[in-house]
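**Q** Heads up: the protein sequence lines correspond to chains A and B, in order.
When we follow our numbering, the leftmost residue of the first sequence carries the number 1, and every step to the right adds one.
When we follow our numbering, the leftmost residue of the second sequence carries the number 1001, and every step to the right adds one.
Hints listed in this document are in silico derivations from the structure and should not be mistaken for laboratory results.
Yeah, the Cβ is synthetic: ideal placement off N, Cα and C, and Gly gets one too.
Be a bit skeptical, because a hint or two may be false.
Which residues of chain A face chain B? A few of them, derived with a C-beta cut under 10 angstroms, are [to be verified]: (1) D33; (2) G34; (3) L47; (4) S73; (5) T115; (6) F129; (7) K138; (8) G190; (9) Y191; (10) Y265; (11) R388.
For reference, the chains in residue letters:
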Amino acid sequence: MSLAAAIPAALTRIAGAANVLTKQEDLIPYSFDGTAALRQMPGCVVLVTMREEVAAVLKVANETKTAVVTRGSGTGLSGGSLPTPDCIVLCLARMNRILELDRANLTLLAEPGATTQAIADAASAAGLFYPPDPGSMKISTIGGNVAENSGGLRGLKYGITRNYVMGLEVVLPDGEVLWTGNKCVKDVAGYSLKDLFIGSEGTLGVITKILLKLIPKPSARKTMVATFGQIVQAAQTVSDIIAAQIIPCTLEFLDRTTIRCVEDYAKVGLPLDCDALLLMETDGHPASVAEEADKMLQIAQKNGALEVRAAKDDAEATRLATARRSAFSALARVAPTTILEDATVPRSELAGMIRFVEEVAQKYRLRIGTFGHMGDGNLHPTFLTDERNQEEMHRVEAAFKEIFEEAIRLGGTITGEHGVGLAKKGFLPKFAGDAQMRVMRELRRVLDPSGILNPGKMF
Amino acid sequence: MSQSFLKGLDYSVVQQCMHCGLCLPTCPTYDATKLERNSPRGRIALMRSIADGQLDATRAFADEMYFCLGCLACMTACPAGVNYAELFENARAEAEASGVLRSPKRNLIRNLTLKWLFMDLNRLQLAGRLLRLYQQLGLEALVRRLGLLRLLPKRLQELEAMTPRILPEFSADLIAPLTPAVGHKRYRVVLLTGCVQDLIFSDINRDTVEVLSRNHCEVVTPQDQLCCGSLHAHNGEYELARQLARQQLDRIPPGQFDAIITNAGGCGSHLKHYHTLLGDDPIYRERAAIWDRKIKDIHEWLGEIGIEPVQSGSQNGQFDKVSDKVEDKVKDKVKDKVKEEVDEVVTYHESCHLTHGQKITRQPRDILRAIPNLKLVELPESAWCCGSAGIYNIVQPEMANQLLERKLKHIQSTGATTVATGNPGCLLQLINGAAAKGMNLKVVHPITLLAEAYRCSAP
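Okay, chain A solo, but in the shape it has when bound (with noise of 0.2 angstroms):
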């Protein structure tokens, strides 16, 4: 399939000639998205900035049978956003007003471009919290995060995007728009629809508002950077953490590998001799603060930690949580291509995991730098490696089909986080069984009768 010379004569009167896009120059920039070696020319690309434009451009598509890969800021990691041949792409990073911020109610209203970092910062300016935060939050989309389901650091204590969005309005396919949800606390009225988008990755709907749930301000935090000799006491420490019961906000990992890139960028001062390294937040009530803070370097000390320090203010404990959120891009230095995954066990069975993957890793001679939510069972293997090694990403491909199979043996997930758009599709359905792979086929199929949405994308 050749896209048609009459697809974007439709865009361009839809969304005028400016906003769509055809030339090579201007299509190269929009074959990938944040995933690792995957490239793939679109057949053009529209920029919107009104729900009834992308409702315009799905009919468009839908009557000619043209699939359509729906973008923001193309940061994802797993490939969920990269076109599929002659495509239409969808580029929603215009849409990015924010709408309404309620403060009677707690909520906040957003167009699907606005990103993240503009949502914090408005919770943020009105006493709220917007607690999601994933790495890319300075530039990735509450679009794409709501399609992804995306996590973040603080997930532990404070849950994913799921948890935040309270409603959701959706072009489906055919141009009808649908609104699901609401600002009621308790809302149990039908199908939870809203929960089938979140984390559709683009093949349900064109997400197109966005209500979102935000939560008072923690009135304190407080932030420590732990050093351990070796892997499995950081892992240790996470266990007794937990067993302890305590929930802290933020509880990441970084190995020696990843720990030497991310201070040779950001230069915070992390400390370079050790093999692990934890930055373990707590936030909430100042009383509580302190006692978990305390309780938390008392774990860490009986687990033989080099070295625990806090952060001296909110400054430096920011500086260190960016640092963290440049992990993967970081290892980069080191390494052409890093490819990362982020196999997810039960908590219990974290020590277990991360030793598996160093054996992988071992196996396969392949070099490894290993990040992480350690509090979510989330973790980052990242290999590093060049993509133009074939021999070598063969290797790679091997040891990630290990770690998966691993994973799933062990009562985890292929994806904890990244979705399982391109990168994970051939996994989904061993882990997903062949009941669930046919429900979902079925509820695509009905709501996407042509197969326009990012066709070839999860399963």
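Start from chain A and add chain B according to the hints.
**A** Using the frame of chain A, we list chain B on its own:
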């Protein structure tokens, strides 16, 4: 096409970008258009396509490379450590070599400026003298008053309004070839007086010499200086940039000085990379490496050697940091009162190539804070380009003006009456912008403020 700069580049430089998107929110052009092509990772994708032989250096490619400000904010944001500066210079060289931008008018301008005027500063000075004569004889005022400019095309009228005031004396008229250190001599340094800076901001050069001398530096200021070549490197004339670098190394042997001082952020950023420029030149390679080590921005150098404390201005008595040590409550009270009344509020705009190119952010602020009766207020988005960007404001007026507006709005929001910045391009841009808006704003180099403060206090 004669030569492909991008294909010739070490592929690891091209491959370093892992397109995570963390550069997007810091890129002024992407921020304005939300088009991937106008973003750092989008531009790198185009460069890589050329290196891979999948794209030719087309007109659209060349236009894009000239739409980039070259502000290097993306380099500060990039955790992966992509050397965008090198990519950018090679991409512009690629665009020039391809010839796609050639036109009689453009060729004439480039031949006259890059290839003639800026290759020998005697020519530039002669042009400056003619312009000064035109301004001094009142011809400029007359032409403006008679409305003769209306005969010019609109763009030329706008450019005419941007013509800088040529100072009555150039650096060589103001500064002796050798300025002894005040008091004990600890260092021997050489000052680079710049090209345009020499004509329109020669007073800043004089101030720099004064400040250096006051801080125990013997200052050599050669009368016959060269353009550093940054203008050439940034505009695709790689060979001319190399030629100028060689001449510079011949004229100013780096081994003879403790430091080679530049007070222009844009020049400094280029001057620090002579070794990259001449890395394949067996004759100049080593000297270039020494040069790179010795080149210091004035703020950086003063930060390294530490500055002599400045006594408070005459009318207010001695209430600076030094006298703070004197425990005198009465004095403190008077001091607070005086401070409220006379403090000049200054804000600091960061030159892109000082902050992103050279990572010098703390030192200029430290200098401003060390000046008594001066209150430094942080500028929102201080590290966001003002639109000057070398000659960007001449070739891309629309984008440049948007950025200027944004910058001036932020400056106004601080309530500062003075804005300090360490680069002639920024100074000129802000002076013109403030004048056009009728703003009562003093635009100065931080070193000028320091020199003024020294002059007010006894040596």
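**Q** Evaluate each hint against the coordinates.
**A** Status of the hints after comparison with the structure:
1. Taking 10 angstroms as the C-beta cut-off, the interface hint given for D33 of chain A holds, the closest approach to chain B being about 8 angstroms.
2. Satisfaction of the interface hint for G34 of chain A is found here, the shortest Cβ-Cβ separation to chain B being roughly 5 angstroms, below the 10 angstroms cut-off.
3. Because the closest C-beta pair between L47 of chain A and chain B is about 7 angstroms apart, less than 10 angstroms, the hint holds.
4. Checking S73 of chain A against chain B by beta carbon gives a least distance of about 6 angstroms; that is within 10 angstroms, so the hint holds.
5. Among the interface hints, the one on T115 of chain A holds; its C-beta lies about 7 angstroms from the nearest C-beta in chain B, closer than the 10 angstroms criterion.
6. At about 21 angstroms, the closest approach between the beta carbon of F129 of chain A and any beta carbon in chain B exceeds 10 angstroms, and the interface hint on this residue is violated.
7. For K138 of chain A, the shortest C-beta to C-beta distance to chain B is roughly 5 angstroms, which falls under 10 angstroms, so the interface hint holds.
8. Because the beta carbon of G190 of chain A sits about 36 angstroms from the nearest beta carbon in chain B, more than 10 angstroms, this interface hint is broken.
9. The interface hint given for Y191 of chain A is violated, since its Cβ lies 34 angstroms from the closest Cβ of chain B, which is over the 10 angstroms cut-off.
10. With a cut of 10 angstroms, the hint placing Y265 of chain A at the interface with chain B holds, because the nearest CB-to-CB distance is about 5 angstroms.
11. Below 10 angstroms, beta-carbon pairs count as interface contacts, and R388 of chain A has one with chain B at about 8 angstroms; its hint therefore holds.
The earlier numbered hints that this structure contradicts are 6, 8 and 9.
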